[in-house]
Structure formats: structure tokens, C-alpha cells
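Let's have the full structure, built from the sequences with the hints guiding it.
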Amino acid sequence: MAAYVSVPRDLTRVKSKVMFNLTKRQLVCFGAAVLIGLPSFFALKSMGNASLATMGMIIIMLPLFLLAMYEKDGQPLEVIAYHFIQAKFIRPKVRPYQTDCYYAALMRQYEVYKEVDAIVCKEESAGRRKNARKPVEERTEADQGSD
1 MAAYVSVPRD LTRVKSKVMF NLTKRQLVCF GAAVLIGLPS FFALKSMGNA
51 SLATMGMIII MLPLFLLAMY EKDGQPLEVI AYHFIQAKFI RPKVRPYQTD
101 CYYAALMRQY EVYKEVDAIV CKEESAGRRK NARKPVEERT EADQGSD
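Under our numbering, the sequence shown has 126 at position 126, and the numbering climbs by one with no breaks.
Just so you know, these hints were derived from the structure itself, not from any lab. All of these numbers come straight from a predicted model, not from anything done at the bench. Don't be surprised by glycine CBs; every beta carbon is placed ideally from N, CA and C.
Here are the simulated distance ranges between beta carbons:
#1 V7 with M69: 22 to 28 Å
#2 A118 with V79: 51 to 57 Å
#3 L27 with D100: 50 to 56 Å
#4 P92 with G48: 44 to 50 Å
Straight-line C-alpha distance at most 25 Å; calculated PhoX-like pairs for lysine-lysine:
#5 K72 with K88
#6 K17 with K72
#7 K15 with K72
#8 K72 with K24
Put into C-alpha cells, the structure is as follows:
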């Protein structure tokens with residue numbers, strides 16, 4: 001009888017394990033939790049009850065465990081928290097829906113073309129009137145070519 005090993009089809013979700021079947025991220029977070037949790041346990045134990053010190057240590061270490069283990073849609077907890085804070089507190093709450101109608105854009109462009117055309121025609125007609133006032137002998141070759 002053959003033994004079958006399940007192979008994940010989506011290899012992007014496979015993470016490389018470093019030691020004790022944990023990723024680098026998990027090792028760093030667990031190491032930081034131990035570095036913070038053990039001294040706090042002994043400090044709380046010296047002040048009073050051991051079970052109270054244990055509960056305090058768990059509460060202190062829990063955020064680091066969550067950072068190490070929690071992942072949703074391929075994103076770690078700090079990325080999810082960052083997006084949540086951005087959406088709830090930093091970005092504006094009301095985002096008005098604004099459209100740019102294609103017809104309105106064409107009309108604005110047509111108005112701009114009309115305005116430019118009016119300016120160009122005004123300059124051309126002013127140049128013609130200026131040349132028309134000059135006697136024929138005073139006109140230059142460039143002026144005569146534009147008539």
C-alpha cells in the first residue's frame with residue numbers, strides 16, 4: 001500500500017521553515033516574547049502571587065504571539081492593522097463619487113478650441129489691419145507675402 005503526500009497546488013502560500021518548523025518571522029516574535037515575558041514574570045512573582053504573575057506574563061506576551069501567528073489573506077497582523085487605521089482614522093470618511101462624463105469633456109475641449117481660435121483670428125485680423133494701413137512702399141517683403 002502506497003503512502004500519499006499532499007502537495008499544495010498554490011506554492012506561493014508555502015513558507016520556508018528555518019528551525020523547529022517555524023519561519024524566521026515566528027522565531028523573531030517568539031524570541032522577543034520570551035525576552036519580554038520572562039523578566040516580567042519574575043518581577044511580578046517577586047511582588048505577589050505566582051498565578052497572578054503568570055497571567056501578567058501571558059497578557060504581556062500575547063501581542064507578540066499574535067504578530068507571529070495571525071495572518072489573513074496572506075497579510076500579517078501589522079499590515080491588517082495599518083490598513084484598518086488608515087480606513088477608520090486617517091483617510092476621509094466621505095468619498096464623494098465624481099464622474100467625468102465623456103460628453104462634458106468633449107464640450108470643454110470644444111470651448112477651449114473656440115477660445116484659441118478666437119485669439120488666433122484676432123491676432124491675424126489685427127496683423128492684416130496693420131498691413132492695410134501701411135502705404136505700399138513701406139511694406140516689407142514678408143508683409144506682402146501674408147496679404
